[in-house]
Amino acid sequence: MTTLLSLRHVEKHFGHVRAVNGVSLDIRQNEFFALLGASGSGKTTLLRMLAGFEALSGGQILLNGKDISHVPPNHRPVNLMFQSYALFPHMSVAQNIAYGLEMEKLPRTEIRQRVDEILATIQLSALASRKPEQLSGGQRQRVALARALVKRPQLLLLDEPLGALDKKLRGEMQLELKRIQHQFGITFIIVTHDQEEALVMADRIAILQHGELLQCAPPREVYEHPANRFAAEFIGVMNVIPVARDGAKLTAAEGSLIRADIPDGMGGDLVAAVRPERLRLDAHACENRLSGRILATAYHGLDLQVHIETPAMPKPLICRVTADAAEARSFRTGDVLSLGWSRADTRIFAA
Amino acid sequence: MADRRTFRLMLLILGLVFAFLYIPISVLVGLSFNAGGMPTAWTGFSLKWYGALFANQDILRAAGNTLIVGLVSAAISTVLGTLLAIGVEIRRRKGSVLETLIFAPMVIPDIVLAIALLSFFSLLDVRLGLHTVIMAHVVFNLAYVCAVVRARLKSFDWSIVEASTDLGASTLTTLRRVVLPVLAPAIIAGGLLAFTLSVDEFIIAFFTAGAQRASITLPMQIYGMIRFGVTPEINVLATLVIGFSLVTLALSQRLNRGGLPGQ
Ligand SMILES: Nc1ncnc2c1ncn2[C@@H]1O[C@H](COP(=O)(O)OP(=O)(O)OP(=O)(O)O)[C@@H](O)[C@H]1O
Ligand SMILES: [Mg+2]
Numbered sequence: 001m002t003t004l005l006s007l008r009h010v011e012k013h014f015g016h017v018r019a020v021n022g023v024s025l026d027i028r029q030n031e032f033f034a035l036l037g038a039s040g041s042g043k044t045t046l047l048r049m050l051a052g053f054e055a056l057s058g059g060q061i062l063l064n065g066k067d068i069s070h071v072p073p074n075h076r077p078v079n080l081m082f083q084s085y086a087l088f089p090h091m092s093v094a095q096n097i098a099y100g101l102e103m104e105k106l107p108r109t110e111i112r113q114r115v116d117e118i119l120a121t122i123q124l125s126a127l128a129s130r131k132p133e134q135l136s137g138g139q140r141q142r143v144a145l146a147r148a149l150v151k152r153p154q155l156l157l158l159d160e161p162l163g164a165l166d167k168k169l170r171g172e173m174q175l176e177l178k179r180i181q182h183q184f185g186i187t188f189i190i191v192t193h194d195q196e197e198a199l200v201m202a203d204r205i206a207i208l209q210h211g212e213l214l215q216c217a218p219p220r221e222v223y224e225h226p227a228n229r230f231a232a233e234f235i236g237v238m239n240v241i242p243v244a245r246d247g248a249k250l251t252a253a254e255g256s257l258i259r260a261d262i263p264d265g266m267g268g269d270l271v272a273a274v275r276p277e278r279l280r281l282d283a284h285a286c287e288n289r290l291s292g293r294i295l296a297t298a299y300h301g302l303d304l305q306v307h308i309e310t311p312a313m314p315k316p317l318i319c320r321v322t323a324d325a326a327e328a329r330s331f332r333t334g335d336v337l338s339l340g341w342s343r344a345d346t347r348i349f350a351a
Numbered sequence: 001m002a003d004r005r006t007f008r009l010m011l012l013i014l015g016l017v018f019a020f021l022y023i024p025i026s027v028l029v030g031l032s033f034n035a036g037g038m039p040t041a042w043t044g045f046s047l048k049w050y051g052a053l054f055a056n057q058d059i060l061r062a063a064g065n066t067l068i069v070g071l072v073s074a075a076i077s078t079v080l081g082t083l084l085a086i087g088v089e090i091r092r093r094k095g096s097v098l099e100t101l102i103f104a105p106m107v108i109p110d111i112v113l114a115i116a117l118l119s120f121f122s123l124l125d126v127r128l129g130l131h132t133v134i135m136a137h138v139v140f141n142l143a144y145v146c147a148v149v150r151a152r153l154k155s156f157d158w159s160i161v162e163a164s165t166d167l168g169a170s171t172l173t174t175l176r177r178v179v180l181p182v183l184a185p186a187i188i189a190g191g192l193l194a195f196t197l198s199v200d201e202f203i204i205a206f207f208t209a210g211a212q213r214a215s216i217t218l219p220m221q222i223y224g225m226i227r228f229g230v231t232p233e234i235n236v237l238a239t240l241v242i243g244f245s246l247v248t249l250a251l252s253q254r255l256n257r258g259g260l261p262g263q
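Going line by line, the protein sequences match chains A and B.
Position 179 of the first sequence, counted from 1, bears residue number 179 in the UniProt record's numbering, the numbering being contiguous throughout.
Position 167 of the second sequence, counted from 1, bears residue number 167 in the UniProt record's numbering, the numbering being contiguous throughout.
Looking at chain A on its own, in the form it has when it is part of the complex (with noise of 0.2 Å):
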């Protein structure tokens, strides 16, 4: 696979905020990328960095190989779909959509087939000459999407598309610019503090913290072989069991043994971490076993999850087991369980 777009140490300060600190990623074509990281961690940055609305305080961006960090936005074939969505109050839904294309300079005839055209893909060709304000918060978004799409940019860059739905819209949606992205071909970056987004919709993620990049992997490695202990708690749930090290031999504040590989080079205070989901009811058939009281059960319909209080850990062990297990049904408050899990399930990482 080609690199489409490749960032070379790129560096933003404001002031003494480092809010982005040296990222350096190659994105490929047709990429569907997702970027992650808690509120402030540089991600709007560092996109309107790629969209040309901040300049650089260091570094270079290439689009194709070429330095594109001091094109000025309008002149790079680069596409931004607003977090705010930002639709012109003033055009219709079609003269929104028509306003990029006619900025290129286009024949009419052109420019209204291909409206045309992506009013059908977005299933809003009835409301084309309605103004944004009589659209609904899943239209408009639908709306600015189709703006940027139909210059059919190299890169689609995407803030927080789905913030302002709801969360069957939003799931809804998130097939929806899958589907769409496979049928134009563009490669999309997509802005997300959603973990679960980014996990079901992009080809690979990038964790930032801090303006810095955490973590680059496909989502199934992002979950399973977290790069450390803050991107583990990011993705997903996990719990952390604070240990103490003697050698190869890791034990848990209770007593208990806990067998896991120990990467090379690991010093300090660790921690083992492990899934919910990987916890098991029949614990005598583990490498791994806790054992402590159901403080509390959440029924999520698919699966239950149990919070289980134990002398190892400051915090709950959350365990996922499936809602309609003979056990599940049988859980009270206050019941001892022994819980255990495999060694290959258990990552370690400095506390």
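Check the hints yourself; a few may be wrong.
A few chain B residues that face chain A, going by a derived Cβ cut-off under 7 Å, partial list only [unchecked claim]: (1) Ile160; (2) Glu162; (3) Asp166; (4) Gly168; (5) Val179; (6) Val182.
Over 12 Å on every C-beta distance to chain A, these chain B residues come out as not near it, computed from the model [stated by the list, open to error]: (7) Tyr50; (8) Leu180; (9) Pro181.
Hints are computed from structural coordinates only; laboratory data are not their basis.
Computed from a predicted model, the values in this text were never measured in an experiment.
Beta carbons are placed, not taken as given, at the ideal position from N, Cα and C, and that holds for glycine.
On the provided structure of chain A, position chain B with the ligands as indicated by the hints.
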């Protein structure tokens, strides 16, 4: 029952307020049709004073001058005031404020501004005339237009400017196709305000018009006439001005309603 009584009371108060506002004006309008021409006695309906007015060359010239001053100064100050408002807002967003400086002409007493302008013109040795009145009116109109447009800019969504740039538009195209249309209702309102302010402005015009009769504006003309008492012609003139104002008002409201959805 009590509610009903309060409601009636409120209606009464409303009626009194309107009476207070409009009785003097209706008296004036009525008198303009008074055949005898004396404010003390009604002697029958007549249009003869209207005829007299339109035969009065001085008044017609003054009205013409006022229209010229109003239109030209409103046009100039609308263009400059709008650009000024946009520029100031952009600077403000970048953190530097020079607002107080712009709105000074609104709070400085007219008489002070008038003297200042007169001294300025004579210092530069500018011949006084209609053109100096126009320039002087632009000075204070600018502040009003700027204030009206700035009020609209407070709720302006700047991300649409970036969106326009992102879609390939140059700064000028963005101004023409996005910023100005969205601000249009405020710009029109500012222009109309400037026009009406200019039409009834007396002090500054009086100081900056010079001595020739050719540059007398309507308020100056009326002032000159009224020194010899309220003539029926003045009633007629005032009635026409009221009619003109009402039409302008209706027009501006129509424009704002039928205008663009800019809130
Ligand atoms: N124009 C600016 N001036 C000064 N500081 C800024 C500016 N823009 C962003 N910052 C700072 O840079 C850091 C990164 O901000 P950014 O908006 O990129 O975060 P984000 O990851 O998009 O957060 P969120 O998820 O809340 O949108 C923050 O600390 C922010 O305060
Ligand atoms: Mg952001």
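Using 7 Å as the Cβ threshold, decide whether B:Ile160 counts as touching chain A. 5 Å, holds
Can the hint on B:Gly168 be confirmed by a CB-to-CB distance to chain A that is less than 7 Å? 4 Å, holds
If you take the shortest Cβ to Cβ gap from B:Val179 to chain A, is it below 7 Å? Nearest chain A Cβ about 10 Å off; hint violated.
Given B:Asp166 as an interface hint, is its Cβ closer than 7 Å to any Cβ of chain A? This interface hint holds because 5 Å falls under the 7 Å limit.
Please settle this one: B:Tyr50 was flagged as non-interface, so is its CB more than 12 Å from every CB on chain A? 44 Å, holds
Distance rule for B:Pro181, whose beta carbon must clear each one in chain A by more than 12 Å: 5 Å, violated
Is the interface hint satisfied for B:Val182? The criterion is a beta-carbon contact with chain A at less than 7 Å. Holds. Min distance 6 Å.
For the hint on B:Glu162, does the least C-beta distance to chain A fall short of 7 Å? It holds, given that the least Cβ distance between B:Glu162 and chain A is near 6 Å, below 7 Å.
Reported absence of B:Leu180 from the contact zone with chain A (all CB gaps over 12 Å): The assertion about B:Leu180 is violated, with a minimum of 10 Å to chain A.
Hints 5, 8 and 9, counting from the list given before, are not met by this structure.
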